[in-house]
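Participant: Now for the letters of each chain:
2 protein chains.
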Amino acid sequence: MVRQVNKTTIDIVKIKGDKIFRTQDTIVQEVPITLFLNGKEFVTLVCSPQNLEELAVGFLCSEGLLQSPDDLKDLKIDEEKGVIYVEAIEGEAEGRFLKRYITSCCGRGRPIFYYVNDAKSMNKVTTNLLVTPGQVWDLSDRLEEMSVLFKETGGVHNAALCTPTEVILFYEDVGRHNAVDKIFGRAFLNDIPLEDKILVFSGRVSSEIVIKVGKMGLPMIISRSAPTSLGLEMAEKLGITVVGFAKGERMNVYTYPERVLG
Amino acid sequence: MVRQVNKTTIDIVKIKGDKIFRTQDTIVQEVPITLFLNGKEFVTLVCSPQNLEELAVGFLCSEGLLQSPDDLKDLKIDEEKGVIYVEAIEGEAEGRFLKRYITSCCGRGRPIFYYVNDAKSMNKVTTNLLVTPGQVWDLSDRLEEMSVLFKETGGVHNAALCTPTEVILFYEDVGRHNAVDKIFGRAFLNDIPLEDKILVFSGRVSSEIVIKVGKMGLPMIISRSAPTSLGLEMAEKLGITVVGFAKGERMNVYTYPERVLG
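The listed protein sequences derive, respectively, from chains E and G. Under our numbering, the residue at position 238 of the first sequence is numbered 238, and the numbers go up by one with no gaps. Under our numbering, the residue at position 78 of the second sequence is numbered 78, and the numbers go up by one with no gaps.
The set of hints was computed from the structure by calculation and includes no laboratory data. This one's a predicted model, so the numbers in the text were calculated from it and none came from an experiment.
Copies of the same chain look alike in the list, so a pair counts if it fits in one copy or across any two.
SDA-like cross-link-like pairs, simulated, lysine to any residue; straight-line CA separation at most 20 Å:
1. Lys215 / Asp196
2. Lys73 / Asn38
3. Lys19 / Glu258
4. Lys151 / Ser202
5. Lys151 / Gln24
6. Lys237 / Asp11
7. Lys16 / Glu152
8. Lys247 / Thr132
9. Lys73 / Arg186
If we strip away everything but chain E, and leave its shape as in the complex, we get (with noise of 0.2 Å):
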């Protein structure tokens, strides 16, 4: 694995239609990025490892705890350990901290318990499904055929629970979350097991969608986009197939590709 500051070169199984070969695909970072305001852990932001300084500093000023030049007292960036030291001005901005603490996080931002805890609290998945390529093109097509209101607005993103052969359940939604957790709310309404079952999805397959995923105990992602590196390091210790770029008889299996090949 070769990796760079802002990308990560990995290898991967690749599918042209009845062509399967081994090559390498190029990931985009995705990594956790720890913020201390005043000493104390504030959250941590799922990013880009590039410009941390103009990331925390506008993260800052986004949640009000920024609003002239003289609050920002200090910075300090070490990109080993993944974490940004903020001193500010006390007093107002201090006094925003509570009151802004949940708003704050509710961008995107979260405490590191987030990954580290989640992670521990899910299973690797165990599962005997298998797929064919075929059955991946065809349902990754039924996706966007069915996505109505993405045709008509461009606005929203598509998830679908799905066996290799049958959609069972879809839904569109403004944001990405909410579409894989409206079949995470039904498929648990209806307690539909999910351990041979797939989520076709439209969105990028980053870090959180694979926890939720593997909340779910799903065993596969299929998706008309792309992963990010920490969604993969994920998939892999969670036991998920990743399956990126799945459409026009082309896809990128990225995690356990013998479920695809069997």
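We have chain E; now place chain G onto it with these hints.
Facilitator: Coordinates of chain G only, in the frame set by chain E:
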């Protein structure tokens, strides 16, 4: 305005090459839904207002608050008010409540005051900014040309801070919000005046993006993608011009079109 459960039809200005005309466009609905768990306000999810039972249950499953069907005692939806009331068993789920609270909102949920307070605390943008359609397409094309990492990985969003003729800042990030925060951070650090600048963005113009742009004091967003209904409502309130689907000699101008036609 014809409002349906999942989409809204609004009047827009459409520009194709040298043709400018008023027409209607279909915008995806984005609404805040507040979730009360056992009588306490838990989070507000910004979502597509369909399948709210699935969304609420799936969200609580994702956050570990519902683990077995017995955990869910009651669920009531008030679509008019945009509120969901969930009764879940006390004890383990309830015990996780506080510990999980931060995480719960980190997915993308947020307390309702996020929207209320943030909107209140922002002033309507005043600007003399004027751009020609040609300048809009040129900036959109340059954003795409600069998106090297996207071309390599397909896994990032891009944001640029621009004048009508120049790209001043450009950032790529796996997180839509991060790319915009990096612009905010650098502009803050370099004390760049923003009332005459433009955010050129690859991502969808949702309410959270419009709130950031309003806090920056930027008068215009040019996106290659779609806006949401709530994003446009906030842009209208905040005096921000939203241009969507800006590519290939086409664009939709959703709010304050006089700045583009000027």
